[in-house]
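Participant: Chains as they are written, first to last, in the working numbering: chain A, 1 to 89; chain B, 1 to 506.
Some hints here could point you the wrong way.
The calculated lysine-lysine pairs, modelled on DSS-like cross-linking and capped at a C-alpha distance of 25 Å, are [what the hints assert, rightly or not]:
#: 1; chain 1: B; residue 1: Lys9; chain 2: A; residue 2: Lys38
#: 2; chain 1: B; residue 1: Lys373; chain 2: B; residue 2: Lys384
#: 3; chain 1: B; residue 1: Lys366; chain 2: A; residue 2: Lys38
#: 4; chain 1: B; residue 1: Lys32; chain 2: B; residue 2: Lys115
#: 5; chain 1: B; residue 1: Lys328; chain 2: B; residue 2: Lys384
#: 6; chain 1: B; residue 1: Lys366; chain 2: B; residue 2: Lys383
#: 7; chain 1: B; residue 1: Lys448; chain 2: B; residue 2: Lys45
#: 8; chain 1: B; residue 1: Lys73; chain 2: A; residue 2: Lys38
#: 9; chain 1: B; residue 1: Lys393; chain 2: B; residue 2: Lys478
Derived from the structure by calculation, the hints contain no laboratory data.
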Amino acid sequence: MSTVFIALQTNEDTRPIIEAIAHDNPQAVVHRQPAMVKIDAPNRLVIRRESIEERLGREYDLQELQINLITLSGHVDEDEDAFTLTWNS
Amino acid sequence: MEMKVAKKKLGLKERYRVMTRDLGWEPSYHTKEALYPYVGYEGIKIHDWEKWEDPFRLTMDAYWKYQAEKERKFYAIVDAHAQNNGHLNLTDARYLSALKIFLQAISPGEYAAHKGFARAGREFPGVGTQVACQMQAIDEIRHAQTQIHALSNYNKYYDGFHAFSDQRDRIWYTSVPRSFFDDAMSAGPFEFMVAIGFSFEYVLTNLLFVPFMSGAAYNGDMATVTFGFSAQSDEARHMTLGLECIKFLLEQDPANVPIVQAWFDKWFWRGFRVLGLVSTMMDYMLPKRVMSWREAWNMYGIENGTALFNDLARYGIRPPKGWDDAEKAIDHMSHQFMLGLYQWSFGTSFHSWIPSDDEMAWLSKKYPTTFDKYYRPRWDHIKKLAAAGTPYKNYGLPKLCQTCQLPTVFTEPEDPTLICHREVEYKGERYHFCSDGCQHIFENEPEKYIQAWLPMPQIHQDPIRGDLGAWMDWVNLKDGQDNGDYVGSNDQRNFDAWRGLATSNE
Ligand SMILES: [Fe+2]
Ligand SMILES: [Fe+2]
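Throw the hints in and build the complete structure from the sequences for me.
Facilitator: Put into structure tokens, the structure is as follows:
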């Protein structure tokens, strides 16, 4: 098992995104550090557009993640509906 | 009759193809070999450039949109910082030393990365690669500019920020990252990608930016947090590009595997030596600390590095050669380097200091097996000398490592009481090294490293000729102002006086 992670800035834009990630990835652990949030998950983490839109109340383009992204770990696969991080191990 | 055709928005993958792949063309009056002369000479074999995919599938139109948004956020905070006496909101002006090192040593590296990616974008034949390299070239020049811009606010009030570009070229501690980037930029395009895209971005920037910027937030420095996180939002894309590049090389031809492994070995160790500076900034220069260098290494070095090497094992890649030696150095390096900075503080364009009792208690808690045993006694001794009015200064010139350009301040992996020093004779000249890792790198490419400019031999050459005052003029450092102990410095006096004015009605 390897840990994939994503870190986002702590701000109003990311609050619903972090909520959506925690909801969609029950195995994920959310660490709150000064000015940033780091989310770890075993082997795989999925960020789903629909879950973010539900919380945000507007349409959301997953590429908007770029603005508040700090770092990540794992192979990235992105399409319109999901942004996925994975390690093969 | 007018037909109304619903204009369907392109999906992400299709848009990426149209806006990236379709920008390429087949040359008709030059051969591909003539257009891309450097792509073959490192021995890397590529059979199908189409296999290179940017996993973010970022197209130029989306790139400009999101980068503009990042810039708006950045300047809103930089303006607020200037308007709200941001230079007085720091926990302590000692923190400024970390920023000075950042500006002198790291920001010029961003500019070097910009030049390198502009070149790589020209030298790679694949259009997906070309576009990704161009974006990264623009990102890197943005990083250099936003960092210089944000820190220029501090230059209005404090010493040591004024001559970062001279100091990048001429001073000794900055030559460590400088030689890292010069080495990468004078390599072939694939090695450059492994050096910067992979080693620097994937393995190292997490350690450089993430805990350090979180530390900046903790220390009241919103300007730095903002440029750091703004840059780091690009780094996430760069890391992904770096990892993609590695997978691409490993999948294209099995003959690429040993070449890539050798670059891994080399650039891991080159990068690890640059981290000597970073570890010291984290353990000693943040008045309020977020995590120790050791904790950051566990999180971003060991955990993240191991995940990566396990993943790449399926291609026959093993962890880099210096991995075990690195682990042995983690609990020592920041202490050894800070002791070096303190004893040579007449030659640094920032201040250093003896850690306070509180800080020493924190260090012994974070480094239970090493600090009290090896380093506290030295600081106690140095403290006594300072109290007696005879502060410890070392005016001797250290041996410099021919590869990483650090003074030989680090110890043997197996013996923390013995300075590590290696020597190699090559064509009748003797060369010094700080470690086995650096010696091996030299032995693989001696003709490259014998050409290195080293800051210590320069001191005996024109226009300095062994004169310390002439050296200070040459590196643009004002004695008694930019250098030396923080205690009694202009920075300390000014910060205390101005903060007093800002928080009272005197
Ligand atoms: Fe950068
Ligand atoms: Fe070295």
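Participant: Just pull the numbers of the violated hints for me, sorted ascending.
Facilitator: 1, 5
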